[in-house]
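Asks: So you can see what is in the structure, the chains are spelled out below.
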Amino acid sequence: MARIRLDGVGFTYLGADAATLAPLSMDISHGEAFSLLGASGAGKTTLLNLLSGILQPTRGRIYFDDVDVTGLPGRARHLAQVFQFPVLYQSMTVGENLAFPLTTRGLNRNPADIALRVKAVAEELNIEGILNRGANGISLFEKQLVAIGRALVRPDVSMVLLDEPLTAVEPSVKWRLRQTLKQAQRDLGVTMVYVTHDQTEALTFAERVAVLADGEILQTGSPEDVYQNPTHEFVGHFLGSPGMNFLPVAELPETLRHRLKHQGDPERLGFRPESAKLSAAGAFDLTGVVSSRRILGTQQGDVISMYGLQCGDHSVFVRSSASQVVGDPVSIDLRHWVGFRNGIRVGRHGAE
Amino acid sequence: MSRRSRISRWVLLGYCVYLILPLYWLLTMALRSNADIAGTFELLPSSPTLANFAEILTNPVWYQGFANSLSYVVLNTLISVSVALPAAYVFSRYRFLGDRQLFFWLLTNRMAPPAVFLLPFFQLYSSIGLFDTPLAVALAHCLFTVPLSVWILEGFMSGVPTEIDDMARIDGHSFWFFFTRIFLPINRSAIGVTVFFCFMFSWVELLLARTLTGSEAKPIVVVMTRTVSASGMDWGVLAAAGVFTVLPGILVVWFVRQHLVKGFVLGRV
Amino acid sequence: MLRVDRVCLDGNEATAFDYSFAPGEMTVVLGGNLSGKTNLCRLLAGLPTRACGDVSYKEQPLTDLPPQQRSVAVVFQAFVNYPNWTVAQNIASPLIAQGLSREVQEQKIRSLAQTLGIGDFLDRNPEELSGGQQQRLAIARALAQQADVLVLDEPLVNLDYKLREALVLELKALLSETQATVIYTSSDPRDAFALGDQVLLLEKNRKLQAGTPLEVYQQPANLAAAHLMSDPGVNRLPLIKGDEAGDCRAVRPEHVRLGSEAAPSADTELDFEMQVDSVERSGDETFVHGRVNATERADVTEHWVVRRPGMHSVEERQVMTLHVRRDDILTLVVD
Amino acid sequence: MAQNKVNDNRAWIGVLPVLLIVAFSGVIPLMTVVNYSVQDILDFNTRFFVGLEWYRETLADPRFVDAFLRQIGFSAAVLLVEIPLGIVIARGMPSDGLRASLLLVLLATPLLIPWNVVGTIWQIYARPDIGLLGVTLNELGIAFNYTSEPLHAWMTLLAMDIWHWTSLVALLAFAGLTSVPAACYQAAELDGASKWQMFRYVELPRLKGVLVIAVLLRLMDSFMIYTEPFVLTGGGPGNTTTFLSQYLATMAVGQFDLGPAAAFSVIYFLFILLFSWLFYTSVMRNEDES
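Residue numbers (our numbering), protein chains in the order written: chain A, 1 to 352; chain B, 1 to 269; chain C, 1 to 335; chain D, 1 to 290.
The set of hints was computed from the structure by calculation and includes no laboratory data. Check each hint, because a few of them may be wrong.
Within a straight-line C-alpha distance of at most 16 Å, the following computed EDC-like cross-link-like pairs (lysine to aspartate or glutamate) qualify [unchecked claim]:
id: 1; chain 1: A; residue 1: K182; chain 2: C; residue 2: E316
id: 2; chain 1: A; residue 1: K174; chain 2: A; residue 2: D214
id: 3; chain 1: D; residue 1: K5; chain 2: B; residue 2: D166
Output of the computed footprint for chain D on chain A, the stretches with three or more beta carbons under 8 Å from beta carbons of chain D [unchecked claim]:
id: 4; region: 76-83
id: 5; region: 300-310
Every residue, glycine too, gets a C-beta built ideally from N, C-alpha and C.
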């Protein structure tokens, strides 16, 4: 399993004026579960193709365990990839599909080794029951498991790239495939890069998440860090449903503004719907008026709602078990917030 | 796309040369007078003349032949496509009693050897007084081009989601408005490919065209075979006529080239 | 008032049901795959479908009318637009069918395109637009028809995660202004809460239950109805003395509290032991998957999912205590 | 054809025009042929029912059997060369750009040349006295003359058919290859598959459907070939290159004995029916599979 290092790697399509991928440096350590999160069009696929060798970077170098692989084609980088839709050799059985990567590259392994290896991977992904079924006659869920198996069967695989692998799987069983994949990654200690636009998949799978937007990596950090302490307003907005609220400091009440002066003197304040406490008008200095109410369900017997509030001419969302009606004046106490100045984090307060 | 291995690239190049040589030779023959051809063997025509081409364009036997050929090809294509459109729409949208059997029966007609129909066509068309007219040849060719058109159009049409038909109904459009203003324009590339395949069959066919025409509607293909059997073959003129018959094909192919490949697969020819 | 009588969504009498859609309000039809949602939409619109039954609007029967003569507009799950027409022509399509004058059409197209944020794409054709914009176009066309009934068949399911969230809010504002009776089908209970004045639960072409989102959430008629209103579905509890055989007891994933959370177990709560299998985190919520063994028989284990707001770091492969409030436990009929 | 389609027998209205045209130009003539094949027709109003006599006679006719065997030999040779050659050519074809369009036009051109003109082109090209091929071969010391040597006639016929129809196979195979998703190539590449394995396991399974169509099309079209041999060799030298269609044409139009010609036509048609049934079931099965 390799350590992946990107040194100022950038890419611009021929004739395109803006860079598809701005030069970036990134480190994925040996055997790490890493995920790449970004909306469609953020440049995820370009970065994926640079790692897999389909595209050559227009700037910067790529190192696998300190070996410069920038010029090498995919096949020479000993990596494997799992695609959005299961890619199998239709004319082979499941077992043959799993064994195939071991029979190529002139590695004349003896059949016993191959069978052993295939059995081990099949057990890890609990698909040993369908080994001699035709690759065409199994469910979509099983097909993707076989594709993952094929990526893991080679002992010398440097890294496994996963390109939104759950797209074709029905929603109800997605969590089971995620669990199997995470288990296999931990047991086999394979370096894995999981590319997706879905935050649940990114935050669940990875020890470290890189958030990508407009061809730039805005932040790389642990799931808690990236969610609780976003370094960019975009990261705060992109993660969470609904995303982080933002209020300009200038419109906040004097008392709050004074305190913020020496907490990084932010220009805008970001806080999550669940990090604000809603109560009757006057209780706290930040005030607003209820503009919408959406019930989420009940918690400990009380009805939980997502309130839309109008603070000046800005709208924010606050999650609360209070029962208010549209038009009620309310006040908000911020238990946890992050301060931003032109989009970059300058301060934060309160630990969740 | 496919890994274009070296060998296949060389074979492709070789085949292109193999394709071009006879056509090149046809052209050189067309540029040389008959006496010149009989005289010396030349790789490159030393004294090329356009006499043969002029002969084709002036001699009524020749250009009348072309006119006749084009008339029945156009007639056939019009009939085939206009008849095949409703049928293909119905095959792609509805399941009805005997639809698969009908589709198979149509296919067998496409595959029927023309020679089998020489005899009956000859009698059929003379009995209804259509012998020696372009319509006779056009209708005879319909036996082969209509099934082909239905097959290709159905292939393309089943690629258009049925929700579009539903949407038009919900918007309040009549079937006719939907069919002419929405459905046909969406399938215009399919119609283009179908015209190519109809043209391809009707323009090249000789047997039926010869049997069903006398002197009046004699197509170019027949005119060419007639001169072959005459004494003292005039190779130059024949080659020039040959060049003229190749040109329409190239034109048609150029117009439908993007959709051609798609047509082959969907058309399943 | 839009009514359906003796409707059988898969064509067989056994599943027939009646339902009247609250006029001028939005009804969310909630059901999983193959529950008959799409067949219901096609029946209301008059499109060919296996479903049968009588449809009437303000006591006028629509059953035998073709779609052209019903004032019903539809937005399909796939983004269906006429590829050979421009965005403007697509929106104008129902107006053309209604024979409105050019000026009226122009004016309506512009205002609808503006409200749906596709104002500056009017002369493009649909394929050039993004998925979200193509669906906005389909919605604009449906609104242009100004029909009495507006049907949206899982319109956002093919969209990107963040886009779906934004469009649900937009749709809520947009659809609350129209007087039309709106029917919105979905398989996600969040849509029921976000959009539904009323909720109709469907499963295998049968009507399970109907009512306001909160009613159906708090008093599910049976196990299937309970499952539909939670994503992931409810956790089953082992039976205790005094329950009839047919009953079953269950608790919603969001009503189970993790032992690791501050408050100790109160006497109003029951405790359970869970063997944690895996933990899923989406940032604002954490899902803990595991196996809970029934107190009576040690060998019978139920697969449970615990859904907690916020980020919780839970170690996998550990045993964890869970607390459930007695009044959160649902006693359900299993039919 | 497999789609969420609606059951509605009123759909027959759409199919009626096709039915009329094809029935008029197909069924009626076919019925007359079958009718003639079971009668002995002296003149228009004196005819006797002779049952299957003409069939027995045709099947026993040595010239029919010879023509039939020649036809099988020709079709087999055509398939053996054109199918593999077509695939190799398809694998060499670029997928887009101007070069691809020009190549497409060049490859499609022979398919659009009237069949007799193909015969004429090869006649001019292969004649020992004025043909480029003929003269070159003779220069090389081979006494090449397709008008007198049966073997040379056969070789030229085969060369002509390859020239005329291989691009159909190539275009079909090319269409099949374009349906292979890029991800399949990438996956095989990363698995370290060799060139042969790449063809065998990635391309061939997807080509299967299209190749069945190519094989059956070439088989049927070569089985009913008439014009090109008629123009090039006229069935000669002697009748070494007289194929089924030509034999039938001479019988039907030339000697005007209707009965045997009709019987011959029906036998010929039954063969084609068999091949097209194979074609139809394979395409439908292939479609339901995908």
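Asks: Now tell me if each hint is right for this structure.
Replies: Hints, verified against the model:
1. K182/A - E316/C: Given that 16 Å is the threshold and the Cα spacing comes to 11 Å, the pair holds.
2. K174/A - D214/A: Given pair K174/A, D214/A is violated - Cα atoms ~28 Å apart, limit 16 Å.
3. K5/D - D166/B: 12 Å, holds
4. 76-83: Coverage by chain D holds here, the residue count being 4 at a Cβ distance below 8 Å.
5. 300-310: violated (count 0)
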